[in-house]
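Since the structure of chain A is provided, determine the placement of chains B and C on it from the hints.
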Amino acid sequence: MRIENHPVLDFERGEKISFFFNDQLVEAYESETIAAALHAAGVRKLGESSEMHRPRGLFCAIGNCSSCFMIVDGQPNMRVCVIKVKQGMCVEEQKGKGVLKP
Amino acid sequence: MLGAKVLLVERDDIPGGQLVKQTHKFFGSEKQYAGDRAIHIAQMLLDNVESNPNIEVWTNSTVLGIYEDGVVTVEHDEKHTKIMPKRVIISTGAAEKFLGFPGNDLPGIYGAGAVQTLMNMNGVKPAERVLMVGAGNIGLIVSYQLKQAGVEVAAVIEGMPTIGGYLVHASKIRRAGIPVLTRHTILEAYGDNKVEGAKIAEIDEKWQPIPGTERDIPCDTICLAVGLSPLTELAWQAGCKMAYIRELSGHVPIVNDDLETTVDGIYCAGDVCGIEEASAAMVEGRLAGINAALSLGYITSEAEELRKNAMDELDELRSGEMGNHIRNGLEKLSGYRT
Amino acid sequence: MLISDGVPTIEDIIKITPSDERFAQGPVAIVECFQEIPCNPCVKACKRGAIAMPNDINDIPVIDPELCNGCSLCVSLCPGLAIFIVDKTYSKEMALVKLPYEYVPVPEASQYVTVLNRAGEVLGDYEVVKVMSGGKVNMTYTISLTVPQELVMEVRDIKVKE
Numbered sequence: 010m011r012i013e014n015h016p017v018l019d020f021e022r023g024e025k026i027s028f029f030f031n032d033q034l035v036e037a038y039e040s041e042t043i044a045a046a047l048h049a050a051g052v053r054k055l056g057e058s059s060e061m062h063r064p065r066g067l068f069c070a071i072g073n074c075s076s077c078f079m080i081v082d083g084q085p086n087m088r089v090c091v092i093k094v095k096q097g098m099c100v101e102e103q104k105g106k107g108v109l110k111p
Numbered sequence: 133m134l135g136a137k138v139l140l141v142e143r144d145d146i147p148g149g150q151l152v153k154q155t156h157k158f159f160g161s162e163k164q165y166a167g168d169r170a171i172h173i174a175q176m177l178l179d180n181v182e183s184n185p186n187i188e189v190w191t192n193s194t195v196l197g198i199y200e201d202g203v204v205t206v207e208h209d210e211k212h213t214k215i216m217p218k219r220v221i222i223s224t225g226a227a228e229k230f231l232g233f234p235g236n237d238l239p240g241i242y243g244a245g246a247v248q249t250l251m252n253m254n255g256v257k258p259a260e261r262v263l264m265v266g267a268g269n270i271g272l273i274v275s276y277q278l279k280q281a282g283v284e285v286a287a288v289i290e291g292m293p294t295i296g297g298y299l300v301h302a303s304k305i306r307r308a309g310i311p312v313l314t315r316h317t318i319l320e321a322y323g324d325n326k327v328e329g330a331k332i333a334e335i336d337e338k339w340q341p342i343p344g345t346e347r348d349i350p351c352d353t354i355c356l357a358v359g360l361s362p363l364t365e366l367a368w369q370a371g372c373k374m375a376y377i378r379e380l381s382g383h384v385p386i387v388n389d390d391l392e393t394t395v396d397g398i399y400c401a402g403d404v405c406g407i408e409e410a411s412a413a414m415v416e417g418r419l420a421g422i423n424a425a426l427s428l429g430y431i432t433s434e435a436e437e438l439r440k441n442a443m444d445e446l447d448e449l450r451s452g453e454m455g456n457h458i459r460n461g462l463e464k465l466s467g468y469r470t
Numbered sequence: 257m258l259i260s261d262g263v264p265t266i267e268d269i270i271k272i273t274p275s276d277e278r279f280a281q282g283p284v285a286i287v288e289c290f291q292e293i294p295c296n297p298c299v300k301a302c303k304r305g306a307i308a309m310p311n312d313i314n315d316i317p318v319i320d321p322e323l324c325n326g327c328s329l330c331v332s333l334c335p336g337l338a339i340f341i342v343d344k345t346y347s348k349e350m351a352l353v354k355l356p357y358e359y360v361p362v363p364e365a366s367q368y369v370t371v372l373n374r375a376g377e378v379l380g381d382y383e384v385v386k387v388m389s390g391g392k393v394n395m396t397y398t399i400s401l402t403v404p405q406e407l408v409m410e411v412r413d414i415k416v417k418e
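Protein chains in written order, with the working numbering: chain A, 10 to 111; chain B, 133 to 470; chain C, 257 to 418.
Since the hints were derived computationally from the structure, they do not count as laboratory data. Beta carbons are placed, not taken as given, at the ideal position from N, Cα and C, and that holds for glycine. Mixed in with the good hints there might be a few duds.
In the DSS-like style, the derived pairs of lysine-lysine whose C-alpha atoms are separated by at most 27 Å in a straight line are [as the list claims (entries may be wrong)]:
| id | chain 1 | residue 1 | chain 2 | residue 2 |
| --- | --- | --- | --- | --- |
| 1 | B | LYS163 | A | LYS93 |
| 2 | B | LYS163 | C | LYS303 |
| 3 | B | LYS257 | A | LYS93 |
Not the full set, but computed from the structure, chain A residues with beta-carbon under 10 Å of chain B [claimed, not checked]:
| id | residue |
| --- | --- |
| 4 | ARG11 |
| 5 | ARG22 |
| 6 | VAL52 |
| 7 | ARG65 |
Only chain A is shown next, with the shape it has when bound in the complex (with noise of 0.2 Å):
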């Protein structure tokens, strides 16, 4: 859900565009972070810890806290609270460590 009707803020979102979260089409605009536009679509959960298997959403949606990793276009360790979302970008749920691509 967006907020269309705000008394002190108007959104301007550029671009509609589309990504990919787990082989799934998820529409977006070209301002928000990947996380933002996850967040706008229902999905909260974002990966899986290492040890305990627990869900793993975002926490302080500024790059800090490393709660949000995830595997975007197949690199791991992601900040999605950071990243802005692009058109065709490819979002995967990080369960565990992530494996470093060679």
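Below, chains B and C alone, put in the same frame as chain A:
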């Protein structure tokens, strides 16, 4: 303003810190733009920076380290870059504190700053129904902002017996129908893969839950506004002497009246020096800048006056009842100076 | 109590309530700011110099009801949204209250809205008589409502139906 060349390094894609996402009007006096909304103050400051040819801004750039020989390393344009500034001002701000309770790692447990970012920067509705934990200024203000964004706030809970934030903020959300429950704590968060609710209870003087007062709060988001800690990594790494001062919310660099740390040429300003209101942080930033310029010999007729004005403003902001703990904290800090 | 739940007590309100004689003279500002915080835009907002802070910006604002003419300029300029205008001379049964408003939707004149007291409790549906925009920068609306005389010192917020 005094003629020194400045490189401003910012981790985010726009400078301005938290100001750019705060929609409420500032307190303080007109010298700190009281009555203006933080977003407008941020824009005005950004315009000032942009129109000043002496200031260069690097965004999406992270300072990685400050070394003994004065070298500062920065990740800039995805490259490791070295710079050699004559003076450094650390104004890294603060990070949100976390709270221990069962289920606190569920998706949907967000820092109050995260909620502000989602809501006011991205225009994303952060929740349908929120439980706010903490009745300091941040908890109260973000609750109000949630209401403005059309989000229901189930309650604001606070462990202390009294509201920590400004009472006008509390009154504003109370009359809008949001309960403020002091002496209450969160017992647990529950939900399947995401927050679906919280159990809260009243607590006694020893902070123990009072049996029979447990309550279930259905909500899809639990927002933590339980305080901030100074982001001091760079100050530690640079070798600045630090002191733990509870009133300033943690370890802070020991600074003198000029806001210079124990390392020559490194200054600190804002929440990194101790958690305080944003109006004080703005004045500290100005003061550190003036002092750094003065120490480099940029001495103009107005510099001394600007410096004195900034110090007077800080004294004024801290002089009232709400400034008690800051004054106590600064008093303790001065005891650590050599 | 205000400090523990955000709702001013009757004692708090009595302290800042003007005299019946003053109410009989027309509109007057009610400043519901009970805590010493560093903040003073209300002092600057009043063109008649009716709001004062004798020592410094941490003072609780003191209003001189004789100087105040209830012009309502301060309502949208108080950063704490803590100032209201009350006019008990509106009519025999009805009084006028002006309050700051920063939500959506913004009501229109002659629309009925749900009115709330300081604790957020519903007191009924009453008519908006005037809506004043704070402008592009201030952005705080000042909403004038007519409510029964006995509610005018109770009504402090409104809820507008979508």
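Checking one constraint from the list: CA of LYS163(B) to CA of LYS303(C), max 27 Å. Satisfied?
holds, 19 Å
Interface hint status, ARG65(A) versus chain B (Cβ within 10 Å)
holds, 7 Å
Tell me if VAL52(A) is really an interface residue toward chain B, meaning its C-beta lies closer than 10 Å to one of theirs.
holds, 9 Å
Going straight from one Cα to the other, do LYS163(B) and LYS93(A) come out at no more than 27 Å?
violated, 36 Å
Interface hint check: ARG11(A), Cβ to nearest Cβ on chain B, cutoff 10 Å. Holds or violated?
Nearest chain B Cβ about 5 Å off; hint holds.
Hinted pair LYS257(B) and LYS93(A), Cα distance within 27 Å
Given pair LYS257(B), LYS93(A) holds - Cα atoms ~18 Å apart, limit 27 Å.
Interface hint for ARG22(A), Cβ within 10 Å of any Cβ on chain B:
holds, 7 Å
Checked against the numbered hints given earlier, the structure breaks only hint 1 and satisfies all the rest.
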